[in-house]
Amino acid sequence: MALGVGAALMLAACASGAAEDKADDQPAGGSTGPVVAGEATPDAFKGSKFAFSGHGGTSQEAQDAILKDFAEIVGANYAPDGPPELAKIQAQVESGQVSWDLVVLSDVVANDPELCGTLVEKIDTSKIDTSNLPEVAPLVECGVPMNANGWSLAYNTEAFAGADDMTWERFFDTENYPGKRAIYSAIPQLQLEIGLLGDGVAVDDLYPLDVDRALAKYDSIRDDLLFYTTGSESQQMMESDQIVACLCWSGRVYTIIDNGGQWALSDEAPPQLRIDYWGIPKGGKNVDLAHAAINYFLGKEQQELWQTETAYPSMNRETDVELSEAADAVNVLDERFNANRVDIDFWVENQATLTDRWTTWVSQ
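Read left to right, the sequence shown gives residues 1 to 364 (the working numbering).
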């Protein structure tokens, strides 16, 4: 991260004056005026320890750059950590020894009514300016949208040089387009949807998911499937030519393209969209600080930095970033991709059962 960018963010955050038409007029972190995304009050949390848990990689590098600026403004001592595994959050909350102030939550956890208010704090909307969140990423009771990412069809353009377009059906067509494919081993969410899309099911007819049919479709190419366990592993598979196609995070494809790799993201295969959320563990010591940090992260300048460094979409509609060619190639919120927002209510109800089944299938 350029030091000049961090300094610019700090100057913008310390500027006085509130934007017009902000709905919430409650103070956040010691401020006295309307809550404005991207602003923070100097020394509001002087001497506090601010512990954030993220998932690492380029995403956390960008998160750390922004949150460290926030901590310096408010006088807190920033302590990054990770990963924010659900079991670790549960252990902290149940023991009454909550060491993380802010974490990244999956969409399933953030939307689970049994966890909201018991595992994670309900969001105090008076302390966060959410007026510019994109429509695709709505605020929920226990989470504020942090990122929208697409599980997408990435493919080696040389291996598929004869294809006039890349569809989910062709991901499963190893007879006409031979080569290894990679999918994520840990969870079935989004991947079962893609199994059905590859078998000709229309997006509007996905739910309730026909799990047997989806797994049968993956079985049809089982000999050509490789499983990855982390995003960095999927990236390594692409870089080393172990695979010709990948069901993977759009941000990982960005890195490959930006480094000159012969890979592309298909705009003929609708990405399956999921939302990551900011969450505050229940019983944390610095709940007000966590709210203020989220509010700061949602600022225009902060989101422009986020989008520039990660190629993931902005969570502020006021951002105005001229994307690089590589970043535009993976901008899954662009209408040309026609991304599909998965049925989160279905997954809140069925994630545990289907994860057990998926894990068993992967291990066969």
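Please keep in mind that the hints were generated in silico from the structure rather than gathered at the bench.
All of these numbers come straight from a predicted model, not from anything done at the bench.
Here a beta-carbon is modelled for each residue, glycine too, at the ideal position from N, C-alpha and C.
Any given hint could be a false lead.
[Claimed, not checked] Estimated spans, in silico, between C-beta atoms of each pair:
| # | residue 1 | residue 2 | range |
| --- | --- | --- | --- |
| 1 | Asp-64 | Asp-43 | 14 to 24 Å |
| 2 | Glu-175 | Gln-97 | 29 to 39 Å |
| 3 | Thr-229 | Glu-268 | 20 to 30 Å |
| 4 | Glu-94 | Asn-338 | 23 to 33 Å |
| 5 | Asp-224 | Arg-336 | 24 to 34 Å |
| 6 | Glu-322 | Leu-139 | 22 to 32 Å |
| 7 | Phe-346 | Leu-226 | 20 to 30 Å |
| 8 | Asp-43 | Gln-242 | 16 to 26 Å |
Taking the hints in turn, this is what the structure says about them:
A hinted range of 14 to 24 Å holds for the C-beta pair Asp-64 and Asp-43, which are about 21 Å apart. Roughly 56 Å separates the CB atoms of Glu-175 and Gln-97, a value that falls outside the hinted 29 to 39 Å. Distance hint for Thr-229 and Glu-268: a CB-CB separation of about 28 Å, consistent with the stated range 20 to 30 Å. Remark: the range hint 23 to 33 Å for Glu-94 to Asn-338 is contradicted by a beta-carbon distance near 42 Å.
Between Asp-224 and Arg-336 the beta carbon distance is about 29 Å. The supplied range of 24 to 34 Å therefore holds. In this structure the supplied range 22 to 32 Å holds for Glu-322 paired with Leu-139, their Cβ-Cβ distance being about 28 Å. Checking the proposed 20 to 30 Å range against Phe-346 and Leu-226 shows it holds: the Cβ atoms sit about 28 Å from each other. The hint said 16 to 26 Å for the Cβ distance between Asp-43 and Gln-242, and at roughly 51 Å that hint is violated.
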